[in-house]
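Colleague: Please work from the sequences and hints to get the whole structure.
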Amino acid sequence: MPDQTFLDTTELVLNMGPQHPSTHGVLRVILKLDGEKILGTDCVIGYLHRGVEKIAENRTYAQFNPYVDRMDYVAAISNGLGYCLAVEKLLNVEVPPRAQAVRVILTELNRIASHLIWLGTHALDIGAITPVFYCFREREEALKIFEQYCGARLTTHAFRIGGLQYETYEGFERDVKDFCKMFLPKVDEYEELLTNNRIWVGRLQNVGILSADECKEYGVTGPMLRAAGVKWDLRKAQPYSGYEKYDFEIPTRQNGDTYDRYIVRMQEMRQAVRIMEQAVEGLPEGPIMGKVGKVIKPPVGEAYVSIEAPKGELGYYIVSDGSTQPYRVRVRPPSFINLQALDRMVRGGLVADIVAVIGTIDIVLGEVDR
Amino acid sequence: MADEQKPGGSQAPGPGDGPGAKPPATPPAEAASPKPGAPPKPAAAPPKPPAPPKPPATMVATPWDSDLSRELKERFGDKISATSAYLGQNFIVAAPDAVVSILEHLKLEDDFDYLVDITAVDWPKRPERFDLIYIVYSFPRNERVRIKTFVREGYQPQTAVGVHLTANWLEREVFDMFGIEFAGHPDLRRILMPDEWQGHPLRKDYGILQQDQRWVRENLEIESGQ
Numbered sequence: 001m002p003d004q005t006f007l008d009t010t011e012l013v014l015n016m017g018p019q020h021p022s023t024h025g026v027l028r029v030i031l032k033l034d035g036e037k038i039l040g041t042d043c044v045i046g047y048l049h050r051g052v053e054k055i056a057e058n059r060t061y062a063q064f065n066p067y068v069d070r071m072d073y074v075a076a077i078s079n080g081l082g083y084c085l086a087v088e089k090l091l092n093v094e095v096p097p098r099a100q101a102v103r104v105i106l107t108e109l110n111r112i113a114s115h116l117i118w119l120g121t122h123a124l125d126i127g128a129i130t131p132v133f134y135c136f137r138e139r140e141e142a143l144k145i146f147e148q149y150c151g152a153r154l155t156t157h158a159f160r161i162g163g164l165q166y167e168t169y170e171g172f173e174r175d176v177k178d179f180c181k182m183f184l185p186k187v188d189e190y191e192e193l194l195t196n197n198r199i200w201v202g203r204l205q206n207v208g209i210l211s212a213d214e215c216k217e218y219g220v221t222g223p224m225l226r227a228a229g230v231k232w233d234l235r236k237a238q239p240y241s242g243y244e245k246y247d248f249e250i251p252t253r254q255n256g257d258t259y260d261r262y263i264v265r266m267q268e269m270r271q272a273v274r275i276m277e278q279a280v281e282g283l284p285e286g287p288i289m290g291k292v293g294k295v296i297k298p299p300v301g302e303a304y305v306s307i308e309a310p311k312g313e314l315g316y317y318i319v320s321d322g323s324t325q326p327y328r329v330r331v332r333p334p335s336f337i338n339l340q341a342l343d344r345m346v347r348g349g350l351v352a353d354i355v356a357v358i359g360t361i362d363i364v365l366g367e368v369d370r
Numbered sequence: 001m002a003d004e005q006k007p008g009g010s011q012a013p014g015p016g017d018g019p020g021a022k023p024p025a026t027p028p029a030e031a032a033s034p035k036p037g038a039p040p041k042p043a044a045a046p047p048k049p050p051a052p053p054k055p056p057a058t059m060v061a062t063p064w065d066s067d068l069s070r071e072l073k074e075r076f077g078d079k080i081s082a083t084s085a086y087l088g089q090n091f092i093v094a095a096p097d098a099v100v101s102i103l104e105h106l107k108l109e110d111d112f113d114y115l116v117d118i119t120a121v122d123w124p125k126r127p128e129r130f131d132l133i134y135i136v137y138s139f140p141r142n143e144r145v146r147i148k149t150f151v152r153e154g155y156q157p158q159t160a161v162g163v164h165l166t167a168n169w170l171e172r173e174v175f176d177m178f179g180i181e182f183a184g185h186p187d188l189r190r191i192l193m194p195d196e197w198q199g200h201p202l203r204k205d206y207g208i209l210q211q212d213q214r215w216v217r218e219n220l221e222i223e224s225g226q
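Residue numbers (this note's numbering), protein chains in the order written: chain A, 1 to 370; chain B, 1 to 226.
Hints are computed from structural coordinates only; laboratory data are not their basis. All residues carry an ideal CB built from backbone N, CA and C; glycine is no exception. Among these hints, one or two may not hold up.
Far from chain B, some chain A residues (derived; all Cβ distances over 12 angstroms) [stated by the list, open to error]:
hint	residue
1	I117
2	F136
3	R174
4	R198
5	I199
6	Y246
In the PhoX-like style, the derived pairs of lysine-lysine whose C-alpha atoms are separated by at most 20 angstroms in a straight line are [unchecked claim]:
hint	chain 1	residue 1	chain 2	residue 2
7	A	K231	A	K186
8	B	K73	B	K125
9	B	K204	B	K125
10	A	K177	A	K245
11	A	K54	B	K125
12	B	K204	A	K54
Modeller: So, in structure tokens, the structure goes:
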């Protein structure tokens, strides 16, 4: 609390959320204001806490698999991939190449779907109504492929421990190729609407700056870290599921502000298309399940496996006691940890910016609260 | 050093040294079933089946020897009781009072500038009830290391907020879920559960259907959330 406020009045405490359209779920932020200036924030979370980690201890490894989809529910496939990779690591199972390639295709498609939700809602928060309709139009095409593949659109449970449950459907490759061809011009379309839009640029540039050092200090990963100039992506740094075979770039920017994060995510969607095109082109034939027993019973041990989810590093730390149920499953959620940097990003800024900054962190409260 | 983990499979490890690797599931802690060669399940009564007959009952970790592990051992001496690897993932086992200085050393001297996660595991039958796990990553080295320590109920480990700001919410979550209090933490409140909630849900003695009835009655005005 400064001695002298701008209007020479007392500090104003304003409650934002938990029911607020721009908090992307049930996030409550207690704002301390001096007129329009933000003096500090306090996040109240946990409204969506379902005890996922506790549930895991009471389910078998396979039974817990669908639960992970309910954390980051707009990127359910990434959650599932991380979990399956972690259990496969404990079991020391090799996933066949065809399953790996299909996993990559679906995960990248999910990355696009997740980024589209982010873009649509972020733009809506800023006041641009049109992009959200465009984004959902293209997202629908991605969800149709999920639905055709596994019957579900959102919480897909697409992968099984050891590979895939389902062989791809007739015409899967054609659908993915069509999507890739259709989607790239659409990204240009979004960019036409926003990238040079004066209001958009004015609202985002130099807002919510987080430098590379601050990102590391706060453990912030994903597009936010890359927008601050750190060329780091787990798909390149510690490749999994055959990502080393694909040729793609890690888009980075230098300023670490909200606008740069927007640019980085737009580029990432283009790169995701590039990966999908390569994966579907050389889609190998062969089995889709590795050698996994009917009963999944990893030896006593522990492993930490993380992947590059759309929001950042998503990690699973699993402890096995040799039984059919995990002894402990810890999820390292990117949204939760990225949200912690909110205070640093908005402090000293204007109250109108907080909506832009919450949007740019790209949180999903299901994952923050688990 | 790390070797003593394998033979030590008798049961829940003793205080100072044993728990270099993971102790077995808590059920077989009854001293009667040290090496579950034959007894499939008669001896141990607990609901969970005892450790399976064939695979070893402790984590078969191999010693980890590299420049980094040697450097750490040299610097911290007997504060580090083991440097091991399991499934190609390196971890060190350290005394609880040395963890923060190890984190600091790793950050300043070895570029481990990113604290990935802090979490805990509850082993209620062990004298040192909790595993505390810190995962750090180094961007320049592209390397991940886990620091593992064992704390008894009521012990207050030093907070790591002074070294990595991420630790703030992560330690709050560990406190909320396990009831481990971090000494010197700037803002140690519950984070996911409501402030007045009783109990710490991720402890093993907190049943999956258990809840804070009083809180539910007062705040939700229903008898039970189940």
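Colleague: Would you mind marking each hint as holding or not holding in the structure?
Modeller: Hints versus structure:
no. : hint              : verdict
1   : I117              : holds, 24 angstroms
2   : F136              : holds, 31 angstroms
3   : R174              : holds, 38 angstroms
4   : R198              : holds, 35 angstroms
5   : I199              : holds, 33 angstroms
6   : Y246              : holds, 19 angstroms
7   : A:K231 <-> A:K186 : violated, 26 angstroms
8   : B:K73 <-> B:K125  : violated, 30 angstroms
9   : B:K204 <-> B:K125 : holds, 10 angstroms
10  : A:K177 <-> A:K245 : holds, 19 angstroms
11  : A:K54 <-> B:K125  : holds, 19 angstroms
12  : B:K204 <-> A:K54  : holds, 9 angstroms
Violated hints, in rising order: 7 and 8; the structure is consistent with all others.
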